[in-house]
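Chains as they are written, first to last, in the working numbering: chain F, 1 to 251; chain D, 1001 to 1251; chain Y, 2001 to 2251; chain E, 3001 to 3251; chain U, 4001 to 4251; chain L, 5001 to 5251; chain G, 6001 to 6251; chain P, 7001 to 7251.
Calculated from the structure, these hints are not laboratory results. Source: prediction; values computed, not measured. Warning: the hint list may mix true and false statements.
Claimed, not checked - Below, computed lysine-lysine pairings styled on DSS-like, alpha-carbon distance capped at 30 Å:
#	chain 1	residue 1	chain 2	residue 2
1	G	LYS6119	E	LYS3119
2	E	LYS3076	E	LYS3120
3	L	LYS5076	L	LYS5119
4	P	LYS7012	E	LYS3012
5	U	LYS4120	U	LYS4076
6	G	LYS6119	G	LYS6076
7	D	LYS1076	D	LYS1112
8	P	LYS7120	L	LYS5120
9	L	LYS5120	P	LYS7012
10	Y	LYS2119	U	LYS4120
11	Y	LYS2012	D	LYS1012
12	L	LYS5012	U	LYS4012
13	U	LYS4119	U	LYS4076
14	D	LYS1120	F	LYS120
15	Y	LYS2120	U	LYS4119
16	U	LYS4119	Y	LYS2119
17	F	LYS119	D	LYS1119
18	D	LYS1120	D	LYS1076
19	F	LYS12	G	LYS6012
20	G	LYS6112	G	LYS6076
21	Y	LYS2120	U	LYS4120
22	P	LYS7120	L	LYS5119
23	D	LYS1120	F	LYS119
24	E	LYS3120	G	LYS6119
25	F	LYS76	F	LYS120
26	E	LYS3119	E	LYS3076
27	G	LYS6120	E	LYS3120
28	U	LYS4076	U	LYS4112
29	D	LYS1119	F	LYS120
There are 8 protein chains.
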Amino acid sequence: MDRDKIRDLLEKVRNGSLDVSEAMQALKILPFEDLGFARTDSHRALRTGYPEVVYCMGKTIPQICAIVERLTAAHKTIIASRATEEVYAAVHTVVPGAVYNRDARLIVIGEKAEPQTDKKILVITAGTSDIPVAEEAAVTAESMGNPVDRLFDVGVAGIHRLFENASQLFSANVIVAVAGMDGALPSVIGGLVDRPVIAVPTSVGYGASFGGVAALLTMLNSCAPGVAAVNIDNGFGAGYIAALINIGAAS
Amino acid sequence: MDRDKIRDLLEKVRNGSLDVSEAMQALKILPFEDLGFARTDSHRALRTGYPEVVYCMGKTIPQICAIVERLTAAHKTIIASRATEEVYAAVHTVVPGAVYNRDARLIVIGEKAEPQTDKKILVITAGTSDIPVAEEAAVTAESMGNPVDRLFDVGVAGIHRLFENASQLFSANVIVAVAGMDGALPSVIGGLVDRPVIAVPTSVGYGASFGGVAALLTMLNSCAPGVAAVNIDNGFGAGYIAALINIGAAS
Amino acid sequence: MDRDKIRDLLEKVRNGSLDVSEAMQALKILPFEDLGFARTDSHRALRTGYPEVVYCMGKTIPQICAIVERLTAAHKTIIASRATEEVYAAVHTVVPGAVYNRDARLIVIGEKAEPQTDKKILVITAGTSDIPVAEEAAVTAESMGNPVDRLFDVGVAGIHRLFENASQLFSANVIVAVAGMDGALPSVIGGLVDRPVIAVPTSVGYGASFGGVAALLTMLNSCAPGVAAVNIDNGFGAGYIAALINIGAAS
Amino acid sequence: MDRDKIRDLLEKVRNGSLDVSEAMQALKILPFEDLGFARTDSHRALRTGYPEVVYCMGKTIPQICAIVERLTAAHKTIIASRATEEVYAAVHTVVPGAVYNRDARLIVIGEKAEPQTDKKILVITAGTSDIPVAEEAAVTAESMGNPVDRLFDVGVAGIHRLFENASQLFSANVIVAVAGMDGALPSVIGGLVDRPVIAVPTSVGYGASFGGVAALLTMLNSCAPGVAAVNIDNGFGAGYIAALINIGAAS
Amino acid sequence: MDRDKIRDLLEKVRNGSLDVSEAMQALKILPFEDLGFARTDSHRALRTGYPEVVYCMGKTIPQICAIVERLTAAHKTIIASRATEEVYAAVHTVVPGAVYNRDARLIVIGEKAEPQTDKKILVITAGTSDIPVAEEAAVTAESMGNPVDRLFDVGVAGIHRLFENASQLFSANVIVAVAGMDGALPSVIGGLVDRPVIAVPTSVGYGASFGGVAALLTMLNSCAPGVAAVNIDNGFGAGYIAALINIGAAS
Amino acid sequence: MDRDKIRDLLEKVRNGSLDVSEAMQALKILPFEDLGFARTDSHRALRTGYPEVVYCMGKTIPQICAIVERLTAAHKTIIASRATEEVYAAVHTVVPGAVYNRDARLIVIGEKAEPQTDKKILVITAGTSDIPVAEEAAVTAESMGNPVDRLFDVGVAGIHRLFENASQLFSANVIVAVAGMDGALPSVIGGLVDRPVIAVPTSVGYGASFGGVAALLTMLNSCAPGVAAVNIDNGFGAGYIAALINIGAAS
Amino acid sequence: MDRDKIRDLLEKVRNGSLDVSEAMQALKILPFEDLGFARTDSHRALRTGYPEVVYCMGKTIPQICAIVERLTAAHKTIIASRATEEVYAAVHTVVPGAVYNRDARLIVIGEKAEPQTDKKILVITAGTSDIPVAEEAAVTAESMGNPVDRLFDVGVAGIHRLFENASQLFSANVIVAVAGMDGALPSVIGGLVDRPVIAVPTSVGYGASFGGVAALLTMLNSCAPGVAAVNIDNGFGAGYIAALINIGAAS
Amino acid sequence: MDRDKIRDLLEKVRNGSLDVSEAMQALKILPFEDLGFARTDSHRALRTGYPEVVYCMGKTIPQICAIVERLTAAHKTIIASRATEEVYAAVHTVVPGAVYNRDARLIVIGEKAEPQTDKKILVITAGTSDIPVAEEAAVTAESMGNPVDRLFDVGVAGIHRLFENASQLFSANVIVAVAGMDGALPSVIGGLVDRPVIAVPTSVGYGASFGGVAALLTMLNSCAPGVAAVNIDNGFGAGYIAALINIGAAS
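With the rest of the complex left out, here is chain F:
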């Protein structure tokens, strides 16, 4: 398709319907789309069904509203992550159909995602306090068209709780394992399953947990293979890559 655009452009130059300086301008403005190296997020979103994402932290409410408003013109689905109640109130005024998931701190705007696959992502937490981050992952993956199972509060301090839910564990295609404090859950899961585990450290804990650093290091040093980590509290990132893995390649 993009290659067709370049071909068209060049054909038009050849047949004289476009002059050279106009062609140069066109190549300058849209170079990467035309050449296929890069795509505007709009194109990617339209083609893949992935939502356009607005990260709210550090942006002013007017900035967020302006961005959301502009994106709604071009996109089927928009996610606003790390959105406070205040942000939601403002966005809701601009886009009345916006839905707020309080646990996940996510605003979802637009049509419900069409199912992309019937394989399941399982989102697991070690504790109750890890649930907001887990919900951020789960809702993100759902908004990208993935079926998501949830299994919360099954940390290694009472490991039988994990084993009692073994069937969920073994039937998942991708696992997102969310844990704070010792962050030991992904290592144990990585040793049990043969599917990829996306580990999400949380800032749950105190003292030498260093705001999630202890859990992050545990996950990076997992003695079980098949585990990769995202940033502390990055539920969105975990849900996003889990969705990419779960949907699989187009070909």
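Dock chains D, Y, E, U, L, G and P against chain F, hints included.
Then chains D, Y, E, U, L, G and P, alone, in the frame of chain F:
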């Protein structure tokens, strides 16, 4: 299948062909396999075609040789990672068919893995010095039956080198991006592709690279979604999870 | 005992009083208890007299109330740690008998623990500001049935204060030593006594105390043997392991 | 010139128009100006047209007002950096002509700087949240008489946005690149241009961004040469050195 | 007993069998023993049967030999920890009966310790590379008269290996859990048993394991209670406190 | 003197004027004073004229008031450090003569200290924001009877300001150098003077100043000898040791 | 020029001398050169006279030789940085005209750079041990056609040494300030001059210098403006950006 | 004295015995000596009797020899610190009278320092392994004319060893306390004495001692006042400042 084993066991107890203490013994020795919560690595390897892995660092050469020898009895493929020349010399004596990949510091023992998929994993490095870690990833994934492409020395300091190879980038199902120093490559790739990127920081660099910590942090903070990281220099881990992602779920 | 349960189950299958699918279900639901590898916390609490613990930080008040309410049905004693005044007010509404220890930030619910031993745990602090953490340790150990002595503000800056109380020091079976800033107290105590010292760093201090890290490192590097450390400000953990040590094994 | 002052002084001593103790006093009071080793900030400001700067953080509002008031007597232009709304309100009372740049958190007092050069400084940000730091840099450089272009939200997660503005990139004499999170933007820019890049890490991010440390390390480890970094969020410092570079040496 | 000594001393002064200056001398030389605040290590060792310990790292071989030689005069058992082969060779010349435990890097000198208890300490490792640290703990505890069980290479990456040895786990009075990399083993064990767990992080690992820091942090943040940690690679310290716990108080 | 006390005690026992159990009690209650190893803070304060100090952070207002009240009975001078306005209000009610130094956050109670020496301590700051810490040092030293000079805002960014005040610098017996941000001032001073420099890092700064760690490290790495450092923002500690140095030994 | 290439290409398509698919191929292969967003390093080097750089650390000697050999075909000047004696010996065999600067650990290959400017770069060190890093900076800048002055061992511990060379300091257009330990030199220089200062921390020092981190932090926190830092020991990077600054923009 | 020099100079100009240009030259060459702000180290050494110091680490042997040779021309005493055996061998060839203190790694060249005071510095170590650092401090202070007592291996793990030597402790004018591992010794000493304590952390230890950082932090957080710290292993710096304190001001 595992459930069938338990059912069989219990049926045998009921019909008297197995007495209670024998059944108890069987449950005790293989409890997790039988119940499906856990598997010995042997079972996993046989079923999935995944290789059995021996991590050599911190083990004595006699320990490594003894482990390899025992595993060869039960496994089709064995990988010994972080193997020095000395380790290889010793292993080769015990298992003459062992093959050493110097760049990857991996010994591969056993039959060539049967192809599991024709989707491709692309292993990319930012620089020349990152190649050993990249090869560890590539050979690991290949030994698990995956086609692997390599694209080396395309770091962001000369980003046109990456774009000149855009077709490789866009045709890969999973990307393993290996970089030291600023570790910026995975962020750029994550912004270009819509497939999962496994980021591998390397200890290449000096001073404030802190043995790969700078690159690791860059990758964990990737502003592009779709990126997850493994430990510094952990080519094996990256290759392993990339293989799991690429092969996909059985169902 | 647990083995007896499995034996019973199997006998019942053999004699036909339990059919195979029912037996399978039983093994699936309670596998670890039946096999003796793991116990639900409920079982452990009932058998040992140890309290069930709810860690309040990071949980919402409704979550805490719901958990406490459910646990009161099955447990003799429940501790809610890191409980604020607000949490207590809410819990008190649900369980009117709940008692709040402000210094220790602990809510204790249920019967007074029966004495498990007459050996003493001594809880020592270096300063006045360390008292809340020390009280958390002391009340935890008391709620598990241990006699606890307290000796506060005897830090090494005025070491004679410690020596003047030497008789308390030498008559304790386990010592919990709580200190912030330089964290030097456990090293000195470890050099004086021949009983185990559980060291608790606190976040008391400023600047290069790094929220308790300096004290933690001092304790981990104690040049006196017989010292082990728990997390910064983890009075609960120190009290719990001190209680386990003090009570001793059943056999 | 300064040497002339010493010569004058000594000549006056020789010819008796200045006595020895007066000469000693003069040498003591103004030694470094006279000898040329150092200059009072006043002298530097008057000669170079550079503004006098007041860093507001950590100073009380009365202190700031007193400093600003005293400086207005001697200086053409004064900048008050990291100024809150409250600070501005107070300063405005003292110096009614003071102008507040909210985004940049800068108060500029005095005449508009005369243009020092027609070469351009380009201030680029990776994201929207980096704009306050970027504005601090831009306004600082402008107040020192430099033309400044702005190019915001062109981070590497959508690298085509940077390339679409390539002409701005290649026509700048100095580039100030502002980025939080992965901080990868300066490395990419450093690989594209052949002009100096001043990299400014911001505290935008969370978790393992460690308040801007991740971005700072990325920038210090830039695999592209031609990049130097200032402190986290130090827009003022970046704008100042960019201005020095852009103006060039007097000779 | 110690109080009796003071009483004796004072009685002797009163009845004239000891004069005042002799009494003063006695009080000066042995003040803390006589008063009961402190004991020379010699006295403690003789009374408790605990060995006298020489930490070899950082001492010259002549220093070690001199210390060992002096101690052998007064002590039943001496341990020299972190002893290299060279140190052993030299010590063996001085004290021919010295026995070297290569794995544990410990030299044990003197009589075999009399059993102090029949309760068992269980020393567990996550991996093969953790064995030297584990042996240091085990031999230390044995030299203090404790029965020690060993259970090696049962890390959480293959958690069934731990469960298959559950009977050892549940019959131990104290557990020393040794792990590098993710350090997750003690958390899992702490959730299974109701006896104290002494966690020993090891420097086994690479990259973001930071020489054992990752494992240490995991252990300090254990979400299971009943766990306390010692310094990285500190097998001696773990064995020592485990022995103190296991032997129990005299009373 | 202390030895005399023991001799007296023993003589009294010998001549029967003190019985053995009374003597034992005396040795137990005041052992370290009598033996000269330790002194209660009361004794030290009375003898040396040093004030008794109450560190307020982390103590409740009732605790502070109770401590201050008790101390006023026995001490000539009391300092309460890190005292907020609220603390002062409460203390002032208990001890109406208490004087509050807002800049230094110190309450001074009791008589004005008698001059101990006419040598001067010079307290220098790099910037205006460092003044509170400097005042804490200055007032502490003054309350211990030392003449103190102040020289503020003479940091190395305008080093002529330091040199213009060289006479103050060279006439001081001890220098307390207070600096945040780059913390470079003590190195420069240490290279100029031949008297001891006590360096005090402050938490003034942002970003990579890490709350004063950058300044602390600069001071610990001073390439000029004659410099030692105290904790970040520890004006009290700096003033105290400067006073000890300045007063000199009694002999 | 590059724009001319595109224009040529399009003209050729229009006049039929190049067909559409050939034009597409050309755009794909050389997209960034043709569009001006990026240049192969070859182009940049030819146009600017900047040398092509090979960073030797982490590359094998055969790799280095192969790279150097290939580059000599296309480039006038090549620098190989961090080159050991062994590397030089091998490179010298391949390119006999290669010149080794032992202090700077740089190999320079090719013609002497033509002077680009007569403005001077001044490279200053705090100590003697910083000279290798300083030479790396100086030789890099010289190889890019810049006049370089050197001023070594003028650290702040004896600040008169700096002032005695004030004329060099004030006549430089760019200053590269190299310092380990306390890293205080650039702050002092930044306060004296009104030209940009590139600060280079070195790993000279011990203990809490943390391999140059202390010096790096000092430089990032410089209280004098006009200072930016490069990585620890990065003499090459400092020399490179100093050269870019000194040469100035083409326009 | 220095002021006299300026007065002389000016008088000579006035009476014509020195012409203006000669006077200018004199002011330029020796400006800081003449003005009294700074002194060449030579002048300071001659006047105070302090030795000139050469820090050997990071300097080549030829550099060290050249420096030592030049200094011997002008100085009575020279210390070369951190000198290896090799350095000594080379220096000894150049200056045959050089004396090597192996423990302290110091070469002392020149006349024995004249006693400056009869007050004593006490150098204390916690352990045997801390002795080299302690000797560096002791020999430095002795070479500056101070009487030094040594008290080694009296760490807090056996605190009675410290108390048995209380008379040495209480008769010292300045104490240098050297400790690795937990670094607790200076806190205990600071609580016992009323003289300044210079704390020296050593890199003795392993694991979480982080090469002396743990001990350093302990010392910076000393809960006893009167303690200031120098860099890790910086025996020279501790000895130097202790000497400055002990000698006292000239006036």
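query: Can you list which hints this structure breaks, lowest number first?
result: 9
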